[in-house]
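Read top to bottom, the protein sequences are chains A and B. In my numbering, each number is its position in the first sequence, counted from 1, plus 8. In my numbering, each number is its position in the second sequence, counted from 1, plus 8.
In short, the hints are calculated from the structure, not lab data. No experiment lies behind these values; they were computed from the predicted model shown. Fair warning: there could be bad hints in the mix.
Copies of the same chain are indistinguishable here, so a pair counts whether it falls within one copy or spans any two.
[What the hints assert, rightly or not] Derived pair list, reagent style EDC-like, types lysine to aspartate or glutamate, alpha-carbon separation capped at 16 angstroms:
no., residue 1, residue 2
1, 598, 225
2, 436, 534
3, 519, 271
4, 436, 372
5, 217, 64
6, 598, 541
There are 2 protein chains.
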Amino acid sequence: MSRAGDLRALLDGPDAGIRDMVRDWLSEPGHAPVADLPREAYRAQVTAWAEELAMDGGTAMGYPGEFGGLGDVRGSIAAFETLAFGDLSLLVKCGVQFGLFGGAVLHLGTMRHHERHLTAIARFELPGCFAMTETGHGSNVQALATTATYDPGTEEFVVHTPAPDARKDYIGNAARDGRMAVVFAQLVTGGEARGVHALLVPLRDPDGKVRPGVEIEDCGPKLGLEGVDNGRIAFDHVRVPRDALLDRYGQVHPDGTYESPIENPAKRFFVMLGTLIQGRVSVGGASITASKSALDIAVRHALERRQFGPPGGAEALLLDYRTHQRRLLPALATTYGLHFAQARLVDRLHEAFCLEVTERRRRELETLAAGLKAVASWHATATIQACREACGGAGYLQASGLPALMTGTEVFTTFEGDNTVLLQLVAKNLLTDHRDQLGELDPLGLASFVAGQVIGTIAERTAVRKVLGGLAADLLPGRDDGLPLRDRGEQLGLLRWRQEHLLQGAARRLKGGMDSGRAPFDVLLDCQDHVAEAARAWVDLEILEAFADAATASADPALDRLCSLYALSRVEAERGYYQEHGRLTPARSKAVIRTVNALCAELRPDAGLLVEAFGVPAMTAAPAVPA
Amino acid sequence: MSRAGDLRALLDGPDAGIRDMVRDWLSEPGHAPVADLPREAYRAQVTAWAEELAMDGGTAMGYPGEFGGLGDVRGSIAAFETLAFGDLSLLVKCGVQFGLFGGAVLHLGTMRHHERHLTAIARFELPGCFAMTETGHGSNVQALATTATYDPGTEEFVVHTPAPDARKDYIGNAARDGRMAVVFAQLVTGGEARGVHALLVPLRDPDGKVRPGVEIEDCGPKLGLEGVDNGRIAFDHVRVPRDALLDRYGQVHPDGTYESPIENPAKRFFVMLGTLIQGRVSVGGASITASKSALDIAVRHALERRQFGPPGGAEALLLDYRTHQRRLLPALATTYGLHFAQARLVDRLHEAFCLEVTERRRRELETLAAGLKAVASWHATATIQACREACGGAGYLQASGLPALMTGTEVFTTFEGDNTVLLQLVAKNLLTDHRDQLGELDPLGLASFVAGQVIGTIAERTAVRKVLGGLAADLLPGRDDGLPLRDRGEQLGLLRWRQEHLLQGAARRLKGGMDSGRAPFDVLLDCQDHVAEAARAWVDLEILEAFADAATASADPALDRLCSLYALSRVEAERGYYQEHGRLTPARSKAVIRTVNALCAELRPDAGLLVEAFGVPAMTAAPAVPA
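Chain A extracted, bound-state conformation (with noise of 0.2 angstroms):
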């Protein structure tokens, strides 16, 4: 096989047939996204699309085999991420239907919901919202206002919006398509609040009509995913039945009485939405693949397209200059990290659904989805507005491909949390594990912890001594002490030293604070940025990981010069850090730019084979940008 045939099967992994499968279909005539539809006639286009998809049968392919599905969570997951070659609407469209609205009757319903509507929602004849944001809650979402009162004279959930706060925004599906959604609202039985659960609310009758009591309008015109009818759904005293409650968590009983297997609402909120999990995991795939797709536009651009040069020679290829290299490998580096990684998470996935797994692994799959979700939709985001503008004007045009991709994904660092939120969360879960980890060492453990800090804080001080030999290193230009820059090792190290730092950092911080009896809260919000960037760091080092068993596996040089360019481009990029806290010598920050330089020189020739190996397929290859 070709060098970028054994990197696309690298990449492409156990699922390649089903990627294949996806490929074959969006490379066939009249799938290939559109650029210039009315809206209306757009949403119309998507419909039509999920329902062929649909037809197919490729998207029950996660549910349980009775209901025409596999079983298959990686495979499912594979296919989304295909998917998202295509028109980005048709994504999150069947994102919508398939992912959140399916899943959340998968995963918080019963066997009596299973059985009532999964076939009918993986054939897309039960167009469904996930209703969970509010104009006023997004990320708070344990504060959510809808409320869902038990009347057990009726037996029935009376389901209201009580302000216009609490109307249920964004939601897509709700503008055209929906018939039902799932509501998450705060179940009231027995005069008692009990917290947010999901129920199935009717919103449309079969010929399309809203129900009464519902009052669904439009979102209106949006930055992008115009194909995607999301709209705002309000619900004036609903009634449903009993049995429309999501009930895998919680009970009502005909009398009222509530039961659940978790005791703890708080916990029992988090273990629902923790099920939900694969949402997240879906659109940080989504967000590499956007990110292939505007590499592979910009590198083949940068390829073509001649503009200066020497005197009275040719013009030089956009890829020759330093400063596009700069703008594009670095970013291709971190594209293919975050694809390893995201592999990795989804094998974990697809085992933990297959699996009992114990709820620290389920934490540590929680903490992983959120943080690499973070990281892989801002890095889209960056990525394609930096391909845009290397393709100049030409990648202005819709035609190039390009402006479909930014304005598609851009909400994805909002998607699923925002990703501000998210390393929130991951720092939670990091710090939990610190807390955890002195919970069982406890009562001897407590001081040798205590201890461990002290000495953590004594090791940065004579860290300092290094330093001081490492400067005068710097007397002699170019000297470099430890292992060489491209050591794998050495950047693992690197990358590993200053999570853990960051996070010891924080975690004294944050104790320092509760300490010295300040409110919890302030106290938070004082360590915020560190907190935050402990998280990042954690990220940072997980996609290394993950990248250094690749290229090991893999026996294409390429690929090792490309992992090498990932750490130390993160490693360039938090060289202020590495300095302040000792770890790196001036010379030697100076020399990770240089190696940066260097690394991307060498990639240079190599740039085609790396896009040509995420295999986009034909027809987003747009009409080529010209050169």
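Keeping the supplied structure of chain A fixed, place chain B upon it in accordance with the hints.
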């Protein structure tokens, strides 16, 4: 006057009257941006608006009095900057018609062109194009391939597109409205190439029919600016009379004899381009306005929207979170800084058009215009994206105003010169100044210059000693050395030091490369990132100098803090460099981060006031983002 009023007066400057006039126009019913018209209707609307503006006479403000203008360059830029609060397609349409097209006739043409066309251009009775960019050449304009060959037999020029790559591309006003174009082409007389010149070429008859030999194609859908009719133009041996040549810098006599006041063709070309500087300045100004609009939306949202909070208490305002302050407030500070630097640039430009200035002054102007445009447009792109994210799902709706800002300004990083290319131009000019100093000092000066360089290197190495002391101070956490970081002189010193250090380093590397006998182009490629950083650092310093003066002139303490926040957030972003070169100790570098955090917290209560002072007209403050 209120604090916000005082600040607004300071920002609006001497042209407050003109700015308010434009604000009033934008606030009139029917002048608000359209978010959701089909493309052709949108284009028609934009044309109607442009005609309406032209009837009011304000569009000729920058032209000489005899053609209905006021010769008021500063005023015309102030009007353009303010117009950027409104529909961005209208802004760009006006920029193309009155700025680029009219400006080329004004600056490259002579009296007969002015008399024949300027009044009609100012009235939008002669819609026109600025046909410079070709499919194959955007940045490297000297290599354009369109030809204009003089035929002495008929005393005509034959304008021709020799290859598909030589089509004029992305040309505003071309697809629908343009009757005439200023076409940049390689002039050939007497069989000899004379370099790029501009000619007036009719495109359409008065009834709108495209003229024989001219071929116009619509560029089709774009990322944004859908109200502007961009197109591609090809010429098949189109004949225009001899006086179609805009002949201020090059005349062709009836027999084909070529004459120019500027002997050197390269120099002539750059003088010609130099007269078109106003376009670049205008794009920079519009970028700053767009940043203001976005920050106005996001800050107001952050002062209304609550999410999470202390247990049991009310939810906290978004702007109370440090991560949110970090997203918005340094961007706010930078926007103020850019505003003051832009005002200074416009003053100098105004002066240059009114008075005779030296070549050196002209070059300084060109350098600042290029650098500010690059930094301001990148800043707009990053800021608008951050603001979108800071508004969550609501920010993704067109109703928030943010999508139009994002898609309409993203291409400003490409308009009027790709930003990366512009930074190279800035660096080249700075290095030329460097060399000029050298020239003036020769022969004795050369020695002292080289000695100075060496002294610089030694100084850097001895700085290491100081760092040793600084590191020792690290053992006593929190101790800072040097002047307080909030000291304006210290801030200026830090940015100035970096700028000089980078520039000298770049000069040294370039000279070293040349001296070693390598090809100059290869040497340049090898230093390209260094050179671009030197340029960027110079712009940062220019911004801080202008901001510092404005802060001194104002009595409002918020402005002083905002100036410190701008300066220190730049230092923070480059703290890796400062430490590498021994200018900041690790302890002091950490203190920079703490001070940025502290300044954000101190400015938090003034954030609403600071955006109010931008005077965003009511109509663009769109349907408020739902809180």
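Right, here's what the structure says about each hint:
no. : hint      : result
1   : 598 / 225 : neither (56 angstroms within a copy, 50 angstroms between copies)
2   : 436 / 534 : within (15 angstroms within a copy, 44 angstroms between copies)
3   : 519 / 271 : neither (29 angstroms within a copy, 74 angstroms between copies)
4   : 436 / 372 : within (12 angstroms within a copy, 52 angstroms between copies)
5   : 217 / 64  : neither (28 angstroms within a copy, 50 angstroms between copies)
6   : 598 / 541 : between (23 angstroms within a copy, 14 angstroms between copies)
Hints 1, 3 and 5, counting from the list given before, are not met by this structure.
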